[in-house]
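Listed in order, the protein sequences are those of chains A and B. Per the working numbering, the very first residue in the first sequence carries number 1; after that it's consecutive. Per the working numbering, the very first residue in the second sequence carries number 1; after that it's consecutive.
Do not rely on the hints blindly, as some may be mistaken.
Stated by the list, open to error - One-sided and incomplete, this derived list gives chain A residues near chain B with beta-carbon spacing under 7 Å:
#1 56
#2 58
#3 59
#4 60
#5 62
#6 97
#7 105
#8 107
#9 111
#10 113
Hints listed in this document are in silico derivations from the structure and should not be mistaken for laboratory results. Ideal Cβ placement from N, Cα and C applies to all residues, glycine included.
Now for the letters of each chain:
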Amino acid sequence: MRNVARHIATTNVMKKIVFAMMVSAVCAGSARAASEADYITAFAAAESANKEAGRLRNQWTVTQAALNAAKKAAESGNFDQALKSAQEAEALAKASIVQATSEKQRWKDMEIR
Amino acid sequence: MSAARLLLAVTAAFGLGASAVAADKPNPAADAKAFQDYFVKKFPKVAYDDFVNGPYSMNADMRRQWEEKEQFPPYEFALEAGKEMFAKPFKNGKTYADCFPNGGVGIRQNYPYFDDKEGKVITLELALNRCREANGEPPYSYVKDEMASLTAYMAFTSRGKRFDIKIPDDPRALDAYEKGKEYFYTRRGQLNFSCASCHVQSPGERIRAEILAPALGILNAMPIYRSEWSGMGTISRRIVTCNSQTRAVPLEPQSDEYRNLEYYLSYVSNGLPVSGPGARP
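Can you make the complete structure from the sequences, with help from the hints?
Here is the structure:
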C-alpha cells in the first residue's frame, strides 16, 4: 500500500518536473531572438504559398506587402520583425488559396438567375 | 412486368440525364434577361436606357452636377486627340480605318466579339493595338492616354447605337462567356469582394464618397474621365483598379480573364445604347 502511495507521489513529482520543463522550454523558445535561419525558413514558406496563389490567379496585394516588409526588416538585421512579417505573409497567402479554392463553387451562389 | 419496369427505369434515367445536361448548358440569352430584369425590378423608377449613366441614374444631386459638367465635358480633350490620332496615317501610309469594318466609325457596339479563328474574345482595345502592330507601330498602354483617346473617339462615333454582342453557337465562345461570368461573381482580394458585391448587390449605395454604379450598362459609357484619376481611363484601367481596391493583385490588362469578363458584361447589357466617352467622379 505504502509502495503504491510512494509510486503515485513520485509520478506526480515527475509529472510536475516534466510540466515545468515544458513550460521553461516554451518560455525559452518564445523569448529567444529569431535567427536569420528562422526568417529564411519562414520567408521560403510564405513565398511558396504566394506562388501557389499566383498559380490560382488569386494573389493579394497585402501578401506582397508583408513579404516586402519581411525582406526589409531582414536587411536591417531585425530578424524578429522579419520572421513576424514572413509568417503574416504566409497566413495571408494561405487565406488567398482557401478563397480561390472555395470560390470555384461558391460564386454560383451570387449569380442572378 | 419486370422488363417493363426496367424499361421505365432506363427511360427515366435517360430523361433525367438529358435534363441535367440541358440545365448545365450555358444559356446566355436567359442569363441576360434575368440580369436585366433584376435591375429593372430593383430600380423601377430608372428609365431603362438611363442605366448607362451609372451613378447619375441613381442619385438626383449627382445627376444635376453631371449635367452641368457635360456642357464642357472633361473628356473633350481626349476626344479631340483621339479624332486626330485616328485620322493620322501610320508610317506605312495606312490608318486605323483600314483595320476595322466601316472604317472604324460607329462600330463600338459590336465589341468585344468572339474570333472563331483564334478561338478567343477580341476587345476594341486589343483590336486597336493589333492594328498598330500589324502596321509596324508599337502598341499603346492599355490603361490610359492614347488608348483612352482612341476608344473615346470610336465610342463617340457610335453614341446611341445599341450594344449588339454576339455569342456564336461555338463551345469555345460559350466557354469564354461562362468564364467571364465566373470571374464577375468570384470573390477575390483580402476584402473578399466580387464585381457583383458592389455592382449587383449594392448599386446606388455609397462606398465612402462614391455612389456605386449598376453593372447593367456599366461598359456602355467607357472610356471615362474620372475625377479620382484626374484623367481618362479605359475598360482595362477600370477593371485593374477594381481589383486593386479589393486588395487583389490585378492581372495583366487584356489577359484572357479580363477579355472574358468584358465579353460577359457587355453581352448582358445588349440593347442598351453606347454613351461613351463618359465622366465619373
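Hint by hint, here is what the structure shows:
The beta carbon of residue 56 of chain A is not positioned within 7 Å of any beta carbon in chain B (closest approach about 10 Å), and the interface hint is therefore violated. At about 6 Å, the closest approach between the beta carbon of residue 58 of chain A and any beta carbon in chain B falls short of 7 Å, and the interface hint on this residue holds. The closest approach between the C-beta of residue 59 of chain A and any C-beta of chain B is roughly 4 Å, which is under the 7 Å cut-off, so the hint is satisfied. At its closest, the beta carbon of residue 60 of chain A sits 5 Å from a beta carbon of chain B; the interface hint therefore holds under the 7 Å criterion.
Among the interface hints, the one on residue 62 of chain A holds; its C-beta lies about 5 Å from the nearest C-beta in chain B, closer than the 7 Å criterion. A hinted interface residue such as residue 97 of chain A counts as satisfied when its beta carbon comes closer than 7 Å to some beta carbon of chain B; here the least separation is about 12 Å, so the hint is violated. Residue-level restraint check for residue 105 of chain A is violated (minimum Cβ-Cβ distance to chain B is 10 Å; threshold 7 Å). Annotation: residue 107 of chain A was flagged as interfacial toward chain B, and the flag holds, the nearest CB pair being 4 Å apart, inside 7 Å.
Annotation: residue 111 of chain A was flagged as interfacial toward chain B, and the flag holds, the nearest CB pair being 5 Å apart, inside 7 Å. For residue 113 of chain A, the interface hint holds, since its Cβ comes within 7 Å of a Cβ in chain B; the closest pair sits about 6 Å apart.
The structure fails hints 1, 6 and 7 (numbered hints given earlier, in ascending order).
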